[in-house]
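Protein chains in written order, with our numbering: chain A, 1 to 162; chain B, 1001 to 1635; chain C, 2001 to 2341.
One or more hints might be untrue.
What the hints assert, rightly or not - No more than 25 Å apart at the CA atoms, straight line, and that leaves these computed lysine to aspartate or glutamate pairs for DMTMM-like:
no., chain 1, residue 1, chain 2, residue 2
1, B, 1438, C, 2322
2, C, 2221, B, 1003
3, C, 2206, B, 1401
4, C, 2206, C, 2322
5, C, 2206, C, 2175
6, C, 2221, B, 1014
7, B, 1473, C, 2175
8, C, 2206, A, 14
9, A, 3, B, 1046
10, C, 2221, A, 67
11, C, 2221, B, 1046
12, C, 2154, C, 2125
13, C, 2135, B, 1015
14, B, 1006, C, 2072
What the hints assert, rightly or not - Computed from the model, here is a short list of chain B residues facing chain C with C-beta under 7 Å:
no., residue
15, 1028
16, 1268
17, 1291
18, 1293
19, 1403
For the record, the hints were derived by calculation from the structure and aren't laboratory data.
Quick reminder that beta carbons are idealized off the backbone N, C-alpha and C, glycines included.
Here is how the chains run, residue by residue.
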Amino acid sequence: MSKVPVQLTLNGSDRSVFVDQGQNLLDVLRRTLGDLTPKYGCGQGTCGCCTVMVDGETRLSCLTLAESMDGCSVQTVAGIGDGAKLHELQSAFMTHFAAQCGFCTTGMLMSAKNLLDTNPSPTREDVVEAISGNICRCTGYEPIINAILDVAARKGSGRHSS
Amino acid sequence: MIEFRKELFADERDDNLNEIGQPTQRQDILGHVTGRSPFFDDHQFDGLTHLKCVRSPHHRARIRHVDTAAAERMPGVHRVLTERDVPVNRNTLLALINFGKDDEPVLASGQVNYVGDPVVAIIADTERQARDACAAVRIDYEVLPHVLDPEEALLPDAPVVNDTYPNNSFDYHEKYDHQKLRFGDVDSAFSTADKIVEARYQMSPIEHAPTETNGCIAVAETNDRIACYTSTQALFFSLGTVAKVLDISSARLHFVGGTVGGGFGGKVDTVVEPLAVLGCLLTGRPVRFVYDRQEEMQVSSPRGAERWYIKDGVMNDGRIVAREFRGYFDGGAYTRLSSYAVIKGTAHLPGPYTIPNVSANVYGVYTNRTPASAMRGFGITGVDFAIECQMDRVAEAVGMDPVELRLLNAYRDGDMKAHRREAKNCALIECMQVAAEKSGWAIGDQYKRMSSLSGGGGERAIIPNTVTDENGKIGSSRERAAGTSQTGLQTPAYSPVPTTAPAPAYTPQPVQSPPPAYAATPVHSATPAYTPEPTQPPKPAYTPQTSPRFNAPPSPTASIDHETQQSGSDAAQTTRAPARPGASSAPGGQSSGESATRPAAPPSPAAASPSSNPATSTRPRNNNRFSSLFGTRRR
Amino acid sequence: MAIHSGRGFSAINYPIGMNLGGDPSQALVHSNPDGKFMVTLSSIDLGQGMKSVTRQIAAETLGIPVEDVYVDTADSDTGPHCMGSFASRGTHRVGNAVIAAATEARGVMLDAAAEELEVNPEDLETDGRGNIHVKGAPSRSITSAEACGAAQFKQGKTVSGRGIFLIPTSDVNPETGEMTPVSCFAHAALVVDIEVDDETGEVLVKDMQSAYEVGRALNPKLVEQQLIGGAWMGMSHALYETTEPHYPAREHGPVDFNEYLMPGPGDVVPHHISVLERPAPDAPYGGKGPGEMCANPVLPAMANAVYNAVGVRVDELPITPEKILRGIKANGGARPQRRPG
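Just chain A, with the same shape it has in the complex (with noise of 0.2 Å):
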C-alpha cells in the first residue's frame, strides 16, 4: 500500500515520516516516532488513553489519521515538562497520589493541561467536565480531580507557571 509522507512538529522537534493511508496517529506516535506516551485503550475513543495536543487542541489520537498531520504541532506528555523539570499537573498527581496503575495518566494529563492552558480558574464542575472522557478504573477519580484544582488554585494565587 502506498505510503504518504508526513511532516509535522513533535513535542517542539521537526519530524518526517511516511505513514499508511488509513493509519492512525497513535500507531504512528508510538511505533513510528518512537513516542510510547500515549496508550491504547480502546481504539474506539471512548478511554482517552491516547489523547494527545494537536495545534493546542485535545485530540483523540486512535481516532485521528496520521496522514492528515502533515504541517501540525503535536504534544503528547513527554513534551509538557521543561526539560527534567516536571510539569505542574505530573508534580500534583505525584503528591495527590492520583494514579495507580498508571495507564490512563498520560490521557489524564494531556486534558487537564487543555484545561488549564484555556481556563486557568476552573471550578470543580469545568475539571469533571475536561477529563469527563478519560475513562480511570482505578483512582475512582476524585484525587485527579484534586490534583487538577490544587494546580489551579497555586496558579491563581499568583505564582507563575509554565
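Chain A is fixed; fit chains B and C onto it per the hints.
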C-alpha cells in the same frame, strides 16, 4: 475523607515503626506521570508482526471444515495457525498445581463452545492486514444446541458444553458434582425456628475493563530463547502454561512484565501468550497479540455470573439458627479458575456470622458462554451480595434494626466457623459500630458495648453433631427415572434456541421469549414460605424435595459425622486437614492457619495427631507439584 | 413522582490470600557496595502498589531508609518464583517473603558492621536513617554503606538474603467442606445514602460512610487509594456493570465503553472512610491486603438502600432503573420504608 481509628486495637499494635505506616510516595509514580512506566507494549521491535484471531460466531457448533487458503495468500500474511500447530492443544490453567483436568484448547479443535472461541490465528505485518486475512477465512459450522442458563445446564438432557465434564458441572473429589458444606442439622433447626426467610439472588457477569487490554509481545532472543513481554498478573503461571502447551522447556522462556495497566483478575488466564510465543517460534518474527476493546469486553473472561438461593431459620429475638445455601457459579465453556471459586465461596459461608447450623451445595457449572475467571473479590463478591441482602430481609422479618441484627449474629474471636476452624483476629463488630456511629445510625447501648474480643468461644466453639450425605454424585444430574421426565420443573421463561435457526456471523442467536428485565426466572414452582410485601413477582422458593440435583440431607438418624464422637478410636478417623508444621519460614508467626478445636471433648492422643484421608483430598498428593514446569516431560 | 431517600447497610469480611494456601512467593534481597539494596521479585504491580509496599517492608526490616531500597520486578530470568498478584495475596505472601529475605540480609549487614566496630552483632541497632550503632552508645557507629562495602571488599560476605513464604495446602473434606481457607480476614462495614427517582428509576448516590479493617495500614496513602477506588468500583458493579444485560441471554452485550457503563468523574460520591487496624499475627507487620474487599460491601448496601427508599428489593445485579421501575409498578407505587437507625 479518610481517618485512622488508631485507638481501636491499639494494644495489639506497635505504631512506632520507621517506614511502615508512612505515606511514602509510590516507587512508580514518576514513571506514571511521565509516561515512562514500561507496560508490555512499551517496547520497540524491528519487524513486529501482529496476530488476530478468527472467532466462533456460534454458542456451540461443530467445525466441519476450515479453509484458510485465501487468507494465506493475502498481503502481509506470514503465517496462519490452526489447532494442528499447537503441540499440546488442551490445558487448564490450574493444571500447574494439579487441580482439574485439561479441558480447553488454545485453538478450537472439532467444536466451538462459546461465541468468541478462537479457531484460527493469523500473523501479518500490520493489524489491518491480519484482520483482513481473518475475514477471508471460511469456516463451515454445523450449529448445535446450546445452553446458557446454569440450572438448565444441569438438567438431564442439557447439551454437553465441555466434553471433559459431560455433566456440565465440575467434578469435586472424584465423587460429587458439587462442593458440600455441612455443619450441624439445618432441617432440624428450620423446624424449630420462629421464621423462615428465603430468597434467590443473581449476579451478572462483569468485565474487568482495565484501561490496558490483555496483550503480549513475543520476540526471539539471541540464544534460542523467546522473550515474552506480557500484561499477565501471574508471571510464572503464564510461563508454565506456555511451556506446557507448546511443549518446550521452560528454560527457553523469558517472561517480562510486572507493570500492568489494571488487572482486577482479568489477566491471569494466559490467553494471549501461548499463541504469540507459538507464532514467534514458527515465524521467527516478533509477534504482538493484543485484545482490542471489543475482544476485551466479550471474549476475555468476565467475572462469572453467580446464582444463590439462601434459606434462613431465625428466632424472634434475631438469632439466625440455620442457614442453607445452594449456589451456582456459571463458569462458561471452560474451567479456568471457576473450580477454585466454588471452594473459596463455600469456605466463606455463611458469612461473618456465627450460625450453629449451616449447609450448602455449591456447583461449578458449564454453559456455552465466554469462560469466566477471577475478578476482584473472586468467589466472594457475589455471595456477599446475597448474604447481606438476606440479612436485611431477616431483619425485616423479625422487626429488628439491620445493624443490630448483624451485631447480634456477628462472629467473635473463638467462635467455630462452618468450615470448622476457629475465628480469630475478628473485627466485624468494631467496623459496624464505627460505620453506624459516624453515619448517625442509632443502635442500642448493649450493641455499642459489643466487642469481637468478648462473647465468643465456649459453646460457640463446639462443632455440632452434623448431618452428612452422599447425594449428588458425579453424573447424578443426568440419571433418568425410568420412562418419565423426572425433573418436575416448571418451563423456564427463557428457552434455548431451536437448532435449525441459522445464525448471522458473530452475533448471538435470537431468543424465543426474552425474559423480563426484572423478574426471577422461575425454575421451581413452589411459593416462598416467607412472603414479604409483594415487591415483585413471586420468587422461586428453595425446595430441596422437588429438586433432583439437590437432595436434602437425610434425617438426623442417618450418618452422623463420626468426627464429633468423643471416643479416642473414632477421633482417629477424623478427616480434618492435617497440619504440616515447619513448612513455612514466616517470621511473623506460625502459618498453619486457623486451628481447629474440639473443646467439648477431653483431648485424646489420636485427636492431637490428625490423620488425613487421602480419598477426600481435593488435590492429589503429588510431590512434583510443578512437574509440568520443571521438567518431567521436557525435551 | 418523587425523589425518595434511602439508606442501606452491609458488613463483610474477606479472606486474605489464595484459598487453601499452597501459593508460595519468593524474594531475593541484596546490597550493592554502597549499602543500597535491591529487592528482586517476580510479583506484579497492577496499580495496587506492590512495588511500593514491598519496598517499605524491606526498608523497615533492613532498618535502612526507603530511599536506599529499590524493588525490581518482574523478570523471570532474575526474579524468583511468585504465584502472582491475585486473591489479595500480595501484601501477605510477598510481604512475608520479603521480610524473610531482608532479615537474612540485615543479619549479614550487622555481622559486617559488628566486625568493623569490634562488637557483637547483638549489641547493634539501626537508626532507620542509614546508620548502624551500638545500643546505648550512638557515637560508636558506622553507616550501612560502610558496612556493606566492608562486607564485600574486606570480609568476603555477601550482604544478601532469600525468602519464601508458603502456607501449606489445605485439604477439603468432600462431605463436610471442612478446610483451612486462609489464615486471616479483613473486615468492612458500609452505609450508603441514596436518592431514587420513582419516575425514572435512577439512583443518585449521595454519600458513603465506611469502616475498613486492614490489619495494618502499611502505607496509609496506598490504603486510601485502594479504598476509594475500590468503593467506586463497587458502586459501578452495583448500579451499572454487566457484560450480559439480559443474562442468561447474551443479546446486547456491550462492546465498548459507550455501552459498558461505569460512573464517571461527575458521579463521584463523597466517601468518608475510617480505617481500623487489628494486625493479623502471620501477616507482614500485621498488614492484610485491602485491594479486593473494598468493593464488596457497596453492592448489597446499595440494594438495601433501594429497598429502604422505594420498597423494591432488587436481587439481581446490576440495579438498573428499569428493574426499579418494574418493581415500583408491581407494587402499585413507591413504598418508602422507615429510615433505619
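Straight-line alpha-carbon gap residue 2206 of chain C to residue 14 of chain A, limit 25 Å
violated (50 Å)
Take the C-alpha atoms of residue 2206 of chain C and residue 2322 of chain C, compute the straight-line distance between them, and say whether it is at most 25 Å.
holds (20 Å)
Mind checking the alpha carbons of residue 2154 of chain C and residue 2125 of chain C for me, to see if they're no more than 25 Å apart?
This hinted pair holds, its Cα atoms lying about 22 Å apart.
Closest C-beta approach of residue 1403 of chain B to chain C relative to 7 Å, hint status
holds (6 Å)
Has the given pair, residue 3 of chain A with residue 1046 of chain B, been kept, meaning a C-alpha gap of at most 25 Å?
holds (18 Å)
Closest C-beta approach of residue 1028 of chain B to chain C relative to 7 Å, hint status
The hint holds - residue 1028 of chain B has a Cβ within 7 Å of chain C, the shortest such distance being about 6 Å.
CA of residue 1473 of chain B to CA of residue 2175 of chain C, is that 25 Å or under?
With a Cα-Cα distance of about 11 Å, the restraint between residue 1473 of chain B and residue 2175 of chain C holds, given a limit of 25 Å.
Checking one constraint from the list: CA of residue 2206 of chain C to CA of residue 2175 of chain C, max 25 Å. Satisfied?
Measuring from Cα to Cα gives roughly 46 Å; hence the hint is violated.
Check the hint pairing residue 2221 of chain C with residue 1046 of chain B against an upper bound of 25 Å on the C-alpha distance.
Violated: residue 2221 of chain C and residue 1046 of chain B sit about 41 Å apart, past 25 Å.
Straight-line Cα separation of residue 1438 of chain B and residue 2322 of chain C no greater than 25 Å?
Distance ~33 Å between residue 1438 of chain B and residue 2322 of chain C Cα, so the pair is violated.
Quick check on residue 1293 of chain B please, does its C-beta sit within 7 Å of some C-beta on chain C?
Constraint on residue 1293 of chain B satisfied, holds at 6 Å.
Pairwise hint evaluation, residue 67 of chain A against residue 2221 of chain C, where the allowed Cα distance is 25 Å at most:
violated (44 Å)
Of the numbered hints listed earlier, those contradicted by the structure are 1, 5, 8, 10, 11, 14 and 17.
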